[in-house]
Amino acid sequence: MKNKKAQTGKIIASLGVIVPVILIMTLFVSASLAISSFKKENQRVESPKNQIDSLLLKKITLDIEEQKEFLILDAYVLLDKKKIEKEQFQEALKTLVDEKNPCLALAKGNSPSPAGLAGAEANDDFVIELKEDDLYLGNIGTTPLSLIKYKKLLSQTQVKTTEDIFIESYIGECPNE
Amino acid sequence: MNKKAQVPALFTIIIAIALSASALYIIVTSNNNRYSNLIEINNLIEQTQFKELYIKEQAKIILNETINLCQSCTEKNLKELFKEKSIERQNLFHYDGAGNFYANIKEDNLEIKEEENYKLSIPEIKIESEINQNEIQKNFNLCILFDKQGDFVGYC
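In order, the protein sequences belong to chains A and B. Residue numbers for the first sequence follow this note's numbering, beginning at 1 and rising by one. Residue numbers for the second sequence follow this note's numbering, beginning at 1001 and rising by one.
It is worth saying that the hints were derived from the structure and are not from the lab. It should be emphasised that the depicted structure is a prediction, and the values quoted were computed from it without experimental measurement. Beta carbons are placed, not taken as given, at the ideal position from N, Cα and C, and that holds for glycine. All clues stand as given, with none of them false.
What follows is a set of in silico ranges between Cβ atoms, one per label pair, in the way DEER data are often shown: (1) B:Ile-1041 - A:Asn-110: 21 to 29 Å; (2) B:Asn-1033 - A:Val-21: 23 to 31 Å; (3) A:Glu-163 - B:Thr-1074: 36 to 44 Å; (4) A:Asn-176 - B:Ile-1026: 36 to 44 Å; (5) B:Asn-1132 - A:Ala-13: 51 to 59 Å; (6) A:Val-19 - B:Ile-1039: 42 to 50 Å; (7) A:Asp-134 - B:Gly-1150: 30 to 38 Å; (8) B:Leu-1038 - A:Ala-6: 51 to 59 Å; (9) B:Ile-1026 - A:Ala-13: 26 to 34 Å; (10) B:Ser-1030 - A:Asp-63: 51 to 59 Å.
Straight-line C-alpha distance at most 30 Å; calculated DSBU-like pairs for lysine-lysine: (11) A:Lys-59 - B:Lys-1119; (12) B:Lys-1079 - A:Lys-68; (13) A:Lys-59 - B:Lys-1138.
Based on the sequences and whatever the hints tell you, model everything.
The structure is reproduced here in C-alpha cells:
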C-alpha cells in the first residue's frame, strides 16, 4: 500500500517535468520546420554564369600610338589610368552594339556593385542602346537611373591590377523599361 | 524539503530549453553559411572560367599582333617578339589573373612552331581564385593555331 502510494507520487512528480519537456520539444520541432520551409523559399542560388559571353572579354580596336586590339577589360584599365579618353572608349564600344546585341551597359567602381551611383562616381559608366537605328548614349553621371534597369542583368567582375576594380557589365537584349 | 526536490526537475526543463535554443541557433546559422558558401563557390567558378578565357583571348591578340608584325620571321624571332609584346601588355594592365601566363612567357616556357599553321603552346598555366576560405586552383595547357595571315584557326 505504501509502495503504491510512493509510486503514484513519483509518477505525478515526474509528470511535472515530462510535460514541459515534451512541450519544449514540440516547440523546437515546429520552429525548426518553420525555419527550414522559410529558408527554402528565399534561398535560391543561381548556377554560375557562363563567362564566354562576358562583355569584358570582347575585343575593340583603339588607337594608342598605333591601331591595336584590346579586350574591354584591358581598355577599361587604360581608361582608369587615363591612357585613353572616355570618348575614344565610347566610340569603340559602339562597334559592339548591333541588332543581335542592341544594348550594352558598363559600370566601374572601387567597391562592389558600382552600377547606379551618381555624379563623379558614375563618370566612367556607359549605357549604349540601339533604338530604331539610332544610338542612345547614356550620360550616366547625370542620369544614374539609366543603369538601374540593367541591375538584374549585370554580372560583376573583380579585377586586381594595381588596385581593386569592380566592373559590372552586360551586352544583349534590351531590358524592359 | 519539497522545494529542494523540485530543483533537479527545474534544471531538466532549463537544460531542455537551452539545448533547443542552441540547436535552433545552429540550424539558422548553418543554413545561412551553406547559402553564402554556395554563392562563394559559384563566384569562384565564374572567376576561374573568366581568368582562363581572358588568358586565351589575350594570347590570341598578342599572337595575331606578332604574326602581322613579322610575316617572314623565323620561329625564334616570332617567339622573341611574342615575349616582348606580352611583357608590354602585362606592364600596361597588371591583371593578376593572368600572372602565371606572363610568368611562363618570361621564363621562356612557350613554343611557337611554323608548320601548315602557326602553333603557340604554353604548358601548365596555373589559375587561382580565392574567396575567404574557399579556393580553386586549375592548370591548363594553352595551344592555339593561327593561319599565315594571322587569323585564329582553332585550339589544338
